[in-house]
Structure formats: structure tokens, C-alpha cells
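Listed in order, the protein sequences are those of chains A and B.
Heads up, the first sequence stops at 271 in numbering that gives the first Met the number 0, and the numbers go up one at a time, no gaps.
Heads up, the second sequence stops at 321 in numbering that gives the first Met the number 0, and the numbers go up one at a time, no gaps.
These aren't lab readings, by the way, just hints derived from the structure by calculation.
A hint or two may mislead.
As the list claims (entries may be wrong) - Just so you have them, the derived chain A footprint on chain B, three or more residues with Cβ under 8 Å: (1) 60–69; (2) 90–98; (3) 117–130; (4) 157–163; (5) 183–197; (6) 200–214.
Just so you know, even glycine gets a beta-carbon here, dropped at the ideal spot from N, CA and C.
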Amino acid sequence: MSVYASPEEYGLADLLCCAASHEVLDNEIVFAGTGLPMVAIMLAQQTHAPNLKLIFEAGTLDGRPPEIPTSVGDARCEMGASRSSGLYDAFSIAQRGYVDLGFLGGAEVDRYGNVNTTCIGDYLNPELRLTGSGGNPDINSFASRTVFIMVHEKRRFVENVSYITSPGWRVKKWPGGEFVHRRELYGAAYRGGPSAIISTLGVFRFDEQDGHMYLDTCHPGATPDAIKTQCQFDLDISRVKGETPPPTTDELRLVHELLDPDEIFIPKTKKS
Amino acid sequence: MSNSKRITLQQAAEIIKDGSSLTFSGFTIWRRPMAIVYELIRQSRRGLHLIEVQGGSETEFLVGAGCVDIWESCWVGHELYGKYGANLSRKVAEKKIVVEDYSHAEMLFRFAAAASGAPYAITQTSLGTDIHNPEYDMLGRAGLRDGTRIAKHKYQFTEDPFYGAGSLVLVPAAKVDIAVLCVQQVGEEGTVRVNGQYYSDPEIARAADITIVMAEEIVPEEYLRRNADQNTIATFEVDHILECPFGAHPTGMFGKYDVDGAFLKEFYTNTRTQEGYDAFAKEWIHGLDHISYLEKLGWPRMLELRANTAMNYSPREKKGGN
């Protein structure tokens, strides 16, 4: 029986990592990003989802890396994999509809789960140019579910993102740019959309019918009202289930002893 | 015949002219042809048009040096060692570069189209995003869409005429002058063997008009032809070859050496400003050649990065780059 860790035994990164891990179901095909999500997926593989299949965007198919890769292009990705290939394979497989779940990040998000990783401010005259899309919109277009892990700040949970890099539940129909449900645009390729945002304050989900975000659970110490004040849009807090479950002692042991012992992505709170 | 494709590092850079369009092997911080990138910077190449499936450290070095006028891609940064492309970001703010954004899959499919001789690719990615905002066609805004090497349109929409699958986006084939690859082995006649993930190397090599392959080692063709099933690119797709050990440093190479995370972190931290970039380039690029660059790095660092041949990466290199 699993035992929840006490508050002084874990940090915020542990909580996010474990919450992300809980989004993975067994037997799923999961598209892995770099960083904390990779630890989360490998944690799921070690716990409740031993049969998940991992795809790295750079071309590793059904990867079982014995140690955590630093990025999806890393030489550590392919050791033990079913196949080492390239991006054409990874993206074709995603477009074909194999991918159940993808983990992504973002600088800004709106109430429909539209995410920006491209620029802050007007695109034509930006305050800050960011990394750009990478595979964020592709995974978000092709996967059945996507989970975003984000820092929660009021300037990031906005009424309108500076640039829609990655499609949420209500997206722009071109050439006019009016918002429509993504189901109208994606046709036969419609498989779902963002299923959760795990922020540093709580876990948020989406109403699939009208596409709006609602608060699902609050991280320990946060309240629905306090979280609502950290959003520029009017956050729906009517469906809150309670508190985000803390990590178990087993999960913490796996993260820090097996998966990320060098603290590359997840710092240790309590030195053993 | 056997030596006809061999060139030097300096000659490789000279094939790339001011205004050439250019693409690279690798993925973000892995197998980038950095020795040729450094040589382009030493030769003060100008007006380059980079068309990359995704950018990485090579983009940041070239952009910081002022070599690039147009960057068409989807992402730039140094992964764990630098979270965004600070040099690109600075040049965007100063309006010294035209950036055309596509998604990662769109860029990949654009190269796959070019590699198969198709004029465009069809996909259902990124619908409803600002990537398809007609106001954000930056090459169009710059008046560069002449329909020769740069397509008349950034994208077009259509409906599936066969199965009624709905909206589709057409993206133009990536027509690129030169692909520069950095790989583990090339044969004397140009057969390429890539070990590990081959990223988008097969597509970019086939798409480009001229393909230059820089390898850790040039090996006898006969050796590669003994196991043709393990080879990645055929001889006639490759125009020029050169041998350049540690040519991808500070990016990594599967089976040979790891990413030099500390080096990239230092580059990222110190090149936020143009003055910082210029100082970094003065120390590590200008006035050096590849051998003196490796001498400056030194054996201890290179041995630390060297991959274990059973594991294909370095178990010694501390991954955090500290």
C-alpha cells in the first residue's frame, strides 16, 4: 500500500512530476518531451503503466532508456528501444493517429488551452522572441490527449495569448481568424485536445463541449479563490474536486534514486 | 575516382556563397556541422537563408555572427543548456532578420516533399494556430515570394478531395541550395552511415541541390558496402566529403562524444548581447582553425566527452553541464 509523503519530504517539482505521471494510462503510446515530463513518463512506466510505449520526437520508437536522456535527440534515447529512426517516422506515426498522450509546455495559455511558445507581445513587433513552436502544435494536433506543465503566473494565464502556437479547444479559423471549436477544423483528424494543464498551483481540465478551462484540483496550500486571482480570464472554479494528491514515498524514491539521481530535472528536497 | 569528392574544411565553407540557402543534419544540439559553421563565421559569410527542420546551437552561432538574413524553421535553443535562442531573439528585436515560422512537422514534411520531388506536402497539423495567420507571412511581407526558390505562398488550404477528411494545409517543398551533414562515417565515394537516430538527415540530403558530408572518419567504401542495409544515404546523393574528427563539438555525436553542456551553457549565458557574442567568437572562433580549436579545448575535456563504445554516450559527462 502506498504511503503519501509528508510535506517536508517533497518539493514542487516532485508534486508536478507525480501529477504528470498520473495522467499516463497503461498501454498508451506516449510522445515524450524533454525535461520533467520525461521523468514523469518513466515514473509511470515504473509504477502503474508498465506497458506504455514511449516515442521520442527525434526518432526513437518504443524507447526504454536505462538512464534519463537530457533531450529527445540524446544518444541515451535509443538504448533498449524497439527502433531508432528519424523525425519522418515519429511525425508520420503521430499523424497516423498512434499517439494517445503527449506532454508539452508553454509560456502563455488562454481559457481554451491555446498555448504560446513563440513570442511575447505583437508578433510583428515582439517584446521577446521565444523558442518557437517546435513540435508543440504537431503533437497537440495529432495526439488524443495532451498535458501541459506550466509555471503559474497571472501574466501567463491570459485572456488572449500573444500568438497561438499550439491549438486548444477553440481555435482560429482562417482567413478571418474567428474562434471555432477545433472539431470544426480538424475533420477526420479530430481526436481530442488538451486534457490537463498542470501548473505550479493546481490541475486544470477542459469542458470538451464548449472548450473552456476549469480548475480540477488545487496543489497543497493553494485555494480555488487564490488560484482564480492568478488568472486574467474568469476561471471556472465550480467543479473543484479537492487537493492534488501528494507524491507517495515510493514515487519519491523512484524519482530520486532511479530516474533522476543527478537532479538534472528534479531537485531533491531532503538529502538522504 | 575514389578521391574525387574530398575537399577541405575551408573549401566546404567556400562552396556556401553569400546569399545561399542552407540546411543542416542533426537535431537541436546533436550532430550539427559546427566546424563548417565556425569556418563560415571566419570567412564572414553574409545573407544566408537558413531553412531548418529545427534550429539549435548552429543557428545561434551563425545568427549571432550576422551571417543570416532569413531563418525559416520552428524552434531554436540549446535544450537543457540554454532555454531559447538569445541571439535570434536579439536580431528579431532589432529587425535584422526575417523569421518565417512553421511547425516542426510542417518543416519536416516540407523537406520530405522536396526530397521526393513533390512541389508541396499535405498535412492536418497546426490548423487554427497563428502559424497559419495570413498576416504573419513574413517572407511575403518582405516581398521575397517570387515563386522560384521561395514559394509564392507560405501555405494554402484545401479540402480532402478523396475521402472527405476535412481541411488540409499545403506547405511548399523546402527548396534548398546546400545541405551540410555531420555524421560518423562516410565512404570514399560518398556512402553515408549514420549511427543512432538519423533525425531528418535522409530527407535533407536528398532535398538539397548540393550535399556536403563532414564525417568523423572517411572509411573504405568496401567496408560500408559489406553491410549495405546499415547505410543511410547513397553515394550519388553526396557531392563532397571531408574528414573532421570532433567536427560537431560542442554538439554531440552518438557513439563518438556527448554534447559539451558546459560549453553551450557558457555560450548561452555570455552571448545575450552582441558584445558578449563578439567576445565569445573572438576567443573560440576567429584566429583559430579546427586543430587549434581542439588544442584549446584540450584532451582532458575531449576524453571526458568521449562516448563509451558499448553505451554510445559518455558515462563520465555530468549531464547538467556543471
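Violated hints, by number in ascending order, as checked against the structure: Violated: hint 1 alone.
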